[in-house]
Amino acid sequence: MANVETSLKETMASIEGSVAAALVDYTSGMALGTIGGGKDFDVNVAAAGNTDVIRAKARTMEMLGLKDEIEDVLITLGGQYHLIRLIRGRGIDGLFLYLVLDKRNANLAMARHQLKRIEAELEL
Numbered sequence: 016m017a018n019v020e021t022s023l024k025e026t027m028a029s030i031e032g033s034v035a036a037a038l039v040d041y042t043s044g045m046a047l048g049t050i051g052g053g054k055d056f057d058v059n060v061a062a063a064g065n066t067d068v069i070r071a072k073a074r075t076m077e078m079l080g081l082k083d084e085i086e087d088v089l090i091t092l093g094g095q096y097h098l099i100r101l102i103r104g105r106g107i108d109g110l111f112l113y114l115v116l117d118k119r120n121a122n123l124a125m126a127r128h129q130l131k132r133i134e135a136e137l138e139l
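Going by our numbering, the letters in the sequence shown line up with residues 16 to 139, in that order.
Hints were generated in silico from the structure; no laboratory data involved. Some hints could be false.
Using C-beta positions, here's what the derived DEER-type ranges look like [claimed, not checked]:
| no. | residue 1 | residue 2 | range |
| --- | --- | --- | --- |
| 1 | M76 | A124 | 22 to 28 Å |
| 2 | E77 | E138 | 41 to 47 Å |
| 3 | M125 | L81 | 14 to 20 Å |
| 4 | I90 | A135 | 22 to 28 Å |
| 5 | A28 | D83 | 31 to 37 Å |
| 6 | T21 | G44 | 21 to 27 Å |
| 7 | M76 | G44 | 16 to 22 Å |
| 8 | M76 | M45 | 22 to 28 Å |
| 9 | F56 | K82 | 35 to 41 Å |
| 10 | A135 | E31 | 17 to 23 Å |
| 11 | M27 | G109 | 19 to 25 Å |
| 12 | K54 | D108 | 32 to 38 Å |
| 13 | E136 | E84 | 29 to 35 Å |
| 14 | G94 | A28 | 27 to 33 Å |
Glycine included, each C-beta is placed from N, C-alpha and C at the ideal position.
Make a model of the complete structure from these sequences and hints.
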């Protein structure tokens with residue numbers, strides 16, 4: 016099992032094309048940990064903004080009567096992938112892993128696979 020800092024460092028090191036990563040509480044919009052980004056990309060702002068994405072999707076699913084859970088959400092930009100993976104189980108709710116990938120260097124299928132593994136090893 017890995018703590019938040021270790022998990023985020025592993026995310027950046029093991030997923031090719033990683034630009035930034037965060038563990039986010041979508042009930043408050045606060046990042047519990049971040050790594051990467053820079054002056055042109057504020058990870059905390061992006062993490063907070065993506066809480067609205069998760070909340071909107073959850074409301075939509077409720078209105079549609081869908082009895083399922085969100086695994087992950089992919090947002091594709093011109094040069095980046097933004098991957099949001101909800102953390103479930105082990106009594107954890109309301110958190111997601113957020114990963115920003117450079118499209119030129121990333122393998123999306125492998126990134127999803129690695130992020131799922133990192134989520135399973137995360138200890139809170």
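Taking the hints in turn, this is what the structure says about them:
For M76 and A124, the Cβ-Cβ distance of about 24 Å falls inside the hinted range of 22 to 28 Å, so the restraint holds. Look at E77 against E138: about 30 Å separates their beta carbons, and that is not inside 41 to 47 Å. Distance hint check: the CB atoms of M125 and L81 are about 28 Å apart, inconsistent with the given range 14 to 20 Å. Remark: the range hint 22 to 28 Å for I90 to A135 is upheld by a beta-carbon distance near 23 Å.
Checking the proposed 31 to 37 Å range against A28 and D83 shows it holds: the Cβ atoms sit about 32 Å from each other. Here the CB-CB span from T21 to G44 is close to 24 Å, well matched to the stated 21 to 27 Å. Distance hint check for M76 and G44: the Cβ-Cβ separation is about 20 Å, which falls inside the suggested range of 16 to 22 Å. Checked against the hint of 22 to 28 Å, the pair M76 and M45 passes, with Cβ atoms roughly 23 Å apart.
For F56 paired with K82, a C-beta distance near 36 Å keeps the hint of 35 to 41 Å intact. The given range of 17 to 23 Å is respected by A135 and E31, whose C-beta atoms sit roughly 20 Å from each other. Distance hint check for M27 and G109: the Cβ-Cβ separation is about 24 Å, which falls inside the suggested range of 19 to 25 Å. Taken as a hint, the range 32 to 38 Å holds for the pair K54 and D108, whose Cβ atoms sit roughly 34 Å apart.
Checking the proposed 29 to 35 Å range against E136 and E84 shows it is violated: the Cβ atoms sit about 20 Å from each other. Between G94 and A28 the Cβ separation comes to about 22 Å, which falls outside the hinted range of 27 to 33 Å.
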